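Colleague: Sequence:
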Amino acid sequence: MERRDLFKGALAASLLGAPQLQAQTASGADIVIERAVSGMPHQGKVLALITPHLDDGPFFASGTVAKLLQEGYTGYFIRTSNDEKDSFDLTLGETVLGNERDARAFLQVSGLKQMFDLGYRNHRMDDLTRTEIRARLIFLFRLLKVDTIFSYDPWGHYEENPDHYVTAQAVEAACWMSGGHLDMPEHFAAGLKPHSVSEKYYFARGPQLVNRVVDIGPTFETKLACLRACRTMVTHMIKDLNAALVERKLRVPALSGVGSAAIDEYTKVALEARDRAAGRKFGLDYSEAFHYIGPDRSMDEYIASHAVPI
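Just so we're aligned, residue 8 is where the sequence shown starts under our numbering, counting upward by one.
Wrong hints could be hidden among the right ones.
With a straight-line cut-off of 27 Å between C-alpha atoms, the simulated DSSO-like cross-links for lysine-lysine are [to be verified]: (1) Lys52 / Lys120; (2) Lys120 / Lys152; (3) Lys52 / Lys207; (4) Lys120 / Lys207; (5) Lys275 / Lys120; (6) Lys200 / Lys152; (7) Lys200 / Lys52; (8) Lys207 / Lys288; (9) Lys275 / Lys256; (10) Lys152 / Lys52; (11) Lys120 / Lys200; (12) Lys275 / Lys288; (13) Lys92 / Lys288; (14) Lys152 / Lys207; (15) Lys246 / Lys275; (16) Lys275 / Lys92; (17) Lys256 / Lys246.
Note that these hints are calculated values from the structure, not bench results. Remember, it's a predicted structure, so these values are computed and weren't measured experimentally.
Take the sequences, apply the hints, and build the full model.
Modeller: Right under this line is the structure:
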């Protein structure tokens with residue numbers, strides 16, 4: 008994701024008084040407010056955060072992921088690209104290594120159990136066949152017994168990054184096909200079983216059919232820590248912003264460096280501005296927005312009325 012442009016736009020609009028388009032717009036659909044639940048209601052369930060780039064999840068979904076982990080989920084991170092393009096002044100090799108180190112740091116602060124890197128080339132995923140990516144995801148969904156996924160919206164509008172929509176479309180298809188007994192049947196010889204993904208939280212950079220807003224007030228500090236872990240990418244954003252400010256003969260002292268202090272300030276300003284504004288619409292301190300697709304409940308009432316013990 009070119010998050011540096013998104014962040015730079017948000018911060019520049021704030022700092023320089025420039026107008027900015029809204030990144031997401033809720034539709035007229037009924038919106039569910041999801042709040043923290045006490046206890047461990049999701050004990051035994053599994054979620055997967057699936058994104059092409061390391062900082063996609065921290066920016067768009069890490070508050071909700073942290074909430075669900077606190078409620079009993081076990082979580083995994085699946086990164087589809089190698090993030091070779093996201094740095095300011097590093098070589099390609101240095102960029103891959105820096106982002107790989109940052110990914111390990113993100114895994115530690117996020118509470119996710121394990122990371123799976125698919126390793127496709129950054130900004131080149133439209134070279135790939137969707138079926139290859141889909142097959143690898145089907146294997147992981149069955150292996151990990153994934154119940155819930157977080158990923159880009161496969162129907163998101165005005166998405167310019169091919170890594171985003173290629174990953175999203177592969178995820179969408181794999182969620183369904185992983186439950187089929189005739190899809191990749193060789194998996195079953197290895198002891199795996201069909202396993203469908205029942206819940207999807209889709210996020211987007213542009214206009215989206217938002218039907219679920221999650222209260223991330225209790226987990227906002229974890230979200231900040233997740234983005235701060237992406238040091239190589241956030242440093243890229245800071246340096247890009249500083250270059251834009253220099254063109255206007257301006258500087259922000261707190262963002263002039265590239266160390267931990269500047270990273271802390273940048274992530275706080277960027278995330279607070281976005282998530283506080285999103286939450287304010289619903290009476291929340293901070294929120295994340297999704298298009299949510301839940302389990303099919305169409306037969307629940309019939310089963311409750313007609314099912315008998317075996």
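Colleague: Confirm or reject each hint.
Modeller: We went through each hint and held it up to the structure:
Between Lys52 and Lys120, the direct Cα distance comes to roughly 13 Å. Compliance with the 27 Å bound is thereby established for this hinted pair. For the proposed pair Lys120 and Lys152, the alpha carbon gap of about 14 Å is at most 27 Å, so the pair holds. About 13 Å separates the Cα atoms of Lys52 and Lys207, which keeps this hinted pair within 27 Å; it holds. Restraint check: the Cα-Cα separation between Lys120 and Lys207 comes to about 19 Å, which is no more than 27 Å; the hinted pair holds.
At roughly 25 Å between alpha-carbon atoms, Lys275 and Lys120 fall within 27 Å of each other, so this suggested pair holds. With a C-alpha separation of about 9 Å, the suggested pair Lys200 and Lys152 falls inside the 27 Å cut-off, and the hint holds. Simply put, Lys200 and Lys52 have alpha-carbon atoms about 16 Å apart, close enough for the 27 Å limit, and the pair holds. For the given pair, Lys207 sits about 23 Å from Lys288 by alpha-carbon distance, which is consistent with the 27 Å threshold.
Distance check on the hinted pair: Lys275 and Lys256 sit about 24 Å apart at the alpha-carbon level, within 27 Å; holds. The suggested pairing of Lys152 with Lys52 holds, with an alpha-carbon distance near 8 Å, which does not exceed 27 Å. For the suggested pair Lys120 and Lys200, the alpha carbons sit about 22 Å apart, so the restraint of at most 27 Å is met. With a C-alpha separation of about 20 Å, the suggested pairing of Lys275 with Lys288 holds against the 27 Å cut-off.
The straight-line distance between the Cα atoms of Lys92 and Lys288 is roughly 35 Å, outside the 27 Å bound, and the hint therefore fails. The straight-line distance between the Cα atoms of Lys152 and Lys207 is roughly 14 Å, inside the 27 Å bound, and the hint therefore holds. Among the hinted pairs, Lys246 with Lys275 is consistent with the structure: their alpha-carbon atoms are about 16 Å apart, no more than 27 Å. At roughly 24 Å between alpha-carbon atoms, Lys275 and Lys92 fall within 27 Å of each other, so this suggested pair holds.
Between the alpha carbons of Lys256 and Lys246 the distance comes to roughly 15 Å, so the proposed pair stays at or under 27 Å and holds.
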